[in-house]
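Taken in sequence, the protein lines are chains A and B. When the letters of the first sequence are read in order and numbered with the UniProt record's numbering, they come out as residues 1 to 696. When the letters of the second sequence are read in order and numbered with the UniProt record's numbering, they come out as residues 1 to 696.
Keep in mind that the hints are not guaranteed to be accurate.
As the list makes no split between identical chains, a pair holds if one copy fits it or if it spans any two.
Stated by the list, open to error - 25 Å max Cα-Cα, derived SDA-like pairs, lysine to any residue:
1. K363 - F658
2. K192 - G64
3. K657 - L459
4. K477 - L648
5. K657 - V371
6. K657 - R318
7. K363 - G635
8. K212 - I616
9. K673 - E216
10. K674 - L366
11. K477 - L246
12. K674 - R334
13. K673 - P340
14. K674 - E333
15. K160 - P357
16. K674 - G344
17. K673 - L346
18. K584 - S437
19. K674 - P357
20. K316 - S409
21. K363 - L663
22. K584 - E548
23. K674 - G353
The set of hints was computed from the structure by calculation and includes no laboratory data.
There are 2 protein chains.
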Amino acid sequence: MSKAGADEGGAGGCGDSARQLEAKDEKGGTLLSKLPAGPGWTKVSCPCCFSERVEPLVVVKLGGKVGPETKRWLIKMIGAPQKDGGAALLAHPGEDASGDIIVVSAPRCTLLRAAEELGLCKTYRSGDMEAFSYNDRDNFKDSDNMEAFLTLAERQYIVKYELDGLRAQKDLRIPGLPESRMLQKRDNIWQKLSSAGVVVDTFPLHNRKKLKDLGEAWYSGNQLAQPLDSVNDYFGSAVAFYFSFLDFYTWSLLTPAILGLTISYFSGEAQKEMVDSVSGSKVIINDDDSGPMISGHMLQAMFSMIWSTVFMELWKRRSSSLSYRWGTMNLAERFAEPRPNFHGDLGVNPVTGRMEPLFPEWKRDLRMVLVSVPVVGLFLGLVVLGMMCFYWGEAQVKQLHKDWDSLLSQALLYIPSVLHIVYTNMLGNVYRNVAQSLTEYENHREESAFENHLTAKILVFTFFNNFAVLFHIAFFKQDVPLLRKRLASLLIVSQLVNQVTEVVIPFLVDRFISAPHRTESEDDPQEDKFRNQRTLPVFPGLFAEYIELLVQFGYLSLFSCVYPLTAVLLLINNITEIRSDAYKICNLFRKPFSPPVANMGVWQVAFEVLSFVSVISNCWLLLLSPRLQELCREGGLTSTNVLLLAVLGEHVLILIKFIMAALIPDEPDWIRKKREQMEYTSMQALKEQKLQPEVS
Amino acid sequence: MSKAGADEGGAGGCGDSARQLEAKDEKGGTLLSKLPAGPGWTKVSCPCCFSERVEPLVVVKLGGKVGPETKRWLIKMIGAPQKDGGAALLAHPGEDASGDIIVVSAPRCTLLRAAEELGLCKTYRSGDMEAFSYNDRDNFKDSDNMEAFLTLAERQYIVKYELDGLRAQKDLRIPGLPESRMLQKRDNIWQKLSSAGVVVDTFPLHNRKKLKDLGEAWYSGNQLAQPLDSVNDYFGSAVAFYFSFLDFYTWSLLTPAILGLTISYFSGEAQKEMVDSVSGSKVIINDDDSGPMISGHMLQAMFSMIWSTVFMELWKRRSSSLSYRWGTMNLAERFAEPRPNFHGDLGVNPVTGRMEPLFPEWKRDLRMVLVSVPVVGLFLGLVVLGMMCFYWGEAQVKQLHKDWDSLLSQALLYIPSVLHIVYTNMLGNVYRNVAQSLTEYENHREESAFENHLTAKILVFTFFNNFAVLFHIAFFKQDVPLLRKRLASLLIVSQLVNQVTEVVIPFLVDRFISAPHRTESEDDPQEDKFRNQRTLPVFPGLFAEYIELLVQFGYLSLFSCVYPLTAVLLLINNITEIRSDAYKICNLFRKPFSPPVANMGVWQVAFEVLSFVSVISNCWLLLLSPRLQELCREGGLTSTNVLLLAVLGEHVLILIKFIMAALIPDEPDWIRKKREQMEYTSMQALKEQKLQPEVS
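So that you can see chain A by itself, here it is in the shape it has in the complex (with noise of 0.2 Å):
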């Protein structure tokens, strides 16, 4: 490789550096948001892709043993063509060739022909979004101007996809490591050379002016609407599905909001709960609730489950329409390479006709059902365990304090919640790293598939954990003040304290503490300050968040109608959850890497799962209501009946959710005829284009 890459632009970008990196120390401070083309970067191949400025799109940061003769090699990789075993890029060493960063471009030839491969959906000639295409870039809109053409995510995300994908065209040396790190034809060399500990870390750049501009629209203002096409340019289309779709659901809170007020007005019911659950004091538990409370209780029921369907069918059709919109409908992932990760016989894959790994589908199936499957049960079962050590702790200590009432006693009250806190933490951490490596053994072959089945497995234990304590108490307490009164606790203090852990502590540490270490002066150079990003704490991911979402709704269809007001509090909480996840992702973050997404994955599903469990709880707790079971005494039912009675009309709302859920198109009319389109020309295409050898 070091000798089949010493040609054309890797090498002239390389050979020359020490002279380059003289003249760039010159205008070192002259580095603004672009860098001059000429010196110190790598020489671009293709003449077309030759442009007078340079964007700074990611940073690598190298180990601090790295060898100046490691760097230049690592430069010229980076910069040599892909035919070369290259990644095509443009590569910078900074400020010069023994610092510890590298800074990385893209040329235009390569950015168009990731895009192609990426299957990123772009404006035709004709005004229609079509699958990009190489060759035919010059019907495609802004396609000379790449800054207009793909959003600064998608070149970010183009520049680690390329890196990501060098591979060894040969065995070879790594110059300036030892022998041991030798690389292995085909081996990946981006994860070699991180567990070399010669990359410590790749990270997007931020662009200050556009951040600036961004937040302005976003957070700043008073402004009722987000400026998603703006967040899906600046942060990806992963980051903008996770803000639409709260958007979204805040605004579909409105309803349920409204309902839940109209309910508690005419209840009166509504305050004194609330203030008891709140001030935390004993609730003086009327059984006999009030007549109309009841009423409501049933309308709250039934109203969350239409509620549910209708919001989730209505967002699928809004997502497919924002994946139209960003031309992320049509994402040809597996037709791509596999992830860097993805291990099998080397072979040629029947699709493509290309040459990589494989790996059988039914082995990975076999893989999931006897061994994930297992595991995540034996999980599940070990916080089941947990709640039944904790009630029953819970028992033994309560009654030792009956027996014995002195001070100890007293705070031995407060173990086995201690305990059992500890201990689901700890389960927690454990869990977290057994799905990471159950995953990676299932071997999947694209990056998404990856993602998606670990966030399933980490979602269903976060969710277990969080719900466990709500099921119990509904289902085998049977204890509806209780649920009532916890769901409020719940609500209240757990959305206080997410608020303050996830903006509040960061920004008070990013504040007084990380940025007196960070302030950047006008004369600092380029450089430092792209090192200074690195002192921002790594973005933790959209998983947090989406769980936070998930444990709202599930509060809401599951549980709602116990508490009304569960709705209008979710309502005021999402209304500032915008802003400060907002406040956050821009500024107390290092940018993230965001490949473009065509929806929420796993999450839609597992919001669309809750949304048939709800069905099965609100039957559950409207039969519980007292009021109803008093009715069905006074009208001689007995409890079988009864119980029949709800086991039928809850198969009947099911089965009414189906329907509508099969009514409701998942897309938009105009996105579905979008479609047929694009299908109908690559079918008349495939047929034009059988018969080119022929002509040809």
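With chain A held as given, fit chain B onto it using these hints.
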């Protein structure tokens, strides 16, 4: 049109018809299964379509009063090229210009173009099945020999497809018809001719030799396997899918049959039951069933829940392999012309860019939700009402008989049953017409969508009609012994009745009443042989066959746990059913047109829905089992708790079924790869093709 068609093939075949017919008359006797190309047939316009002999595919029967000028015009239309508004087929006027039949065949180019339009897949030179493309025809196997390239069923369907698609290119008068029958521009010609009484019938011709071979391989010998490929060849994929499913289902019955026999043997109970139910004598109900019988009961219930899921999933895999094998996996119906009865405002189809009637999706949905669903619901209500009246009437009459006990009151006992049967039949007939009108009103664009919606409507009603009584016994009367008795008698009696009415009676009628009028001698002119085929009754379609299987499957999966021998009886029935259905379709009916289909359509869904309902039914029947209730009483569980356990169990089982259905892939791995490969190639082709306008 009459002027526009006055050139090329169409006119050629028509102008000379008088002379040619004379020439033909001399050769009349020599007309065998293939007619010589020359005399009588309209001429083909392109040289590649010329062949020595022409195979008669379809006969068009004209009304008695159709004049020779109308017939001549019609023949010209059939023969005219498509650009002149003709069907580009071959027509032969029969024995003379005034005879009442037209024999139609199709030249090579028309067949190939239609095969592309229908989206048929054929063997490519690579050996894979690929969507046929006319321009690329030379790379497909056998594309020069139509009889090997397309199946007989496909060729005949294409003739019908072209005839049905005939549309007037401008306003014109049909010669020999009154002014009132003027054709407007874009009117469907075939529909107009049918409603004017010009065309009485259009039916495909049997091929005696092929039919004989098929019969020998199918039902004459003792072979176990059906010649499914030949069935597909001769009768088309719709029929072949039915027989494949029947086959698959019958073999799948082996496991439950063996289980059922084992359970019956060990319980020693079933024989007595069976004797009782068959003899119709009073069953001595022993409420406290013996121990092993109950464990068998539970075993059977659990087994049939799992079995039905596995069966359906495996069938889906088999179905997709068959569809690949028969080249119907990629049908392009939605890109083809809409069905003749489809109406709407003329406009440009946004997908294909062709001019055709358009009808908005939302309007159709609205019609379904606001009209179809309530009407179907009304009829289902009428079924329930009928059943309630029947029960009420029966109770009244019984009371009367008890009070009076005369011969008259004895006779009155039968009145409710008779009335109920008459009512049900009348309702069924009315409903069939209503369903037809409703589906027509819904205005589906594709023939298959129309068929599926119509089938679904009739299916729901028929199913409800069949099972209302059993459900009533199981869920309201909660009388397991009565259910068992009813099930056994239904299974045995209804199957006997079915076999007799379906096969024995048609066979006798055919042999002793119709056949004497239809004796063929070698000397008869070919035309009379064609005409003779019309004396056979029209094939009634597969609805009755499928619904019989569905009802069977319902008995088995819903209720078989109370009568373990169900599967055995069904297995015996189906083994004879395969042969009798085969005999029937080969000999007792006119050959049906059969569109290429990719699967069983709505029947697939019906079987799957049933398999989910079976979980509910089985859980309920388990709950009813007296032994279980006794066990619970001994175990100190209240009936409410038992019910709760049952509901919990049901939910868990449904969850397991869902997971199993999700885990078993719907298509075999190799099919998935082929499909993805096709998608990939067409994606690539699309990119290539966009380039063409620039290059050329």
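Any hints this thing doesn't respect? Which numbers, in order?
-> 7, 8, 9, 11, 18, 20
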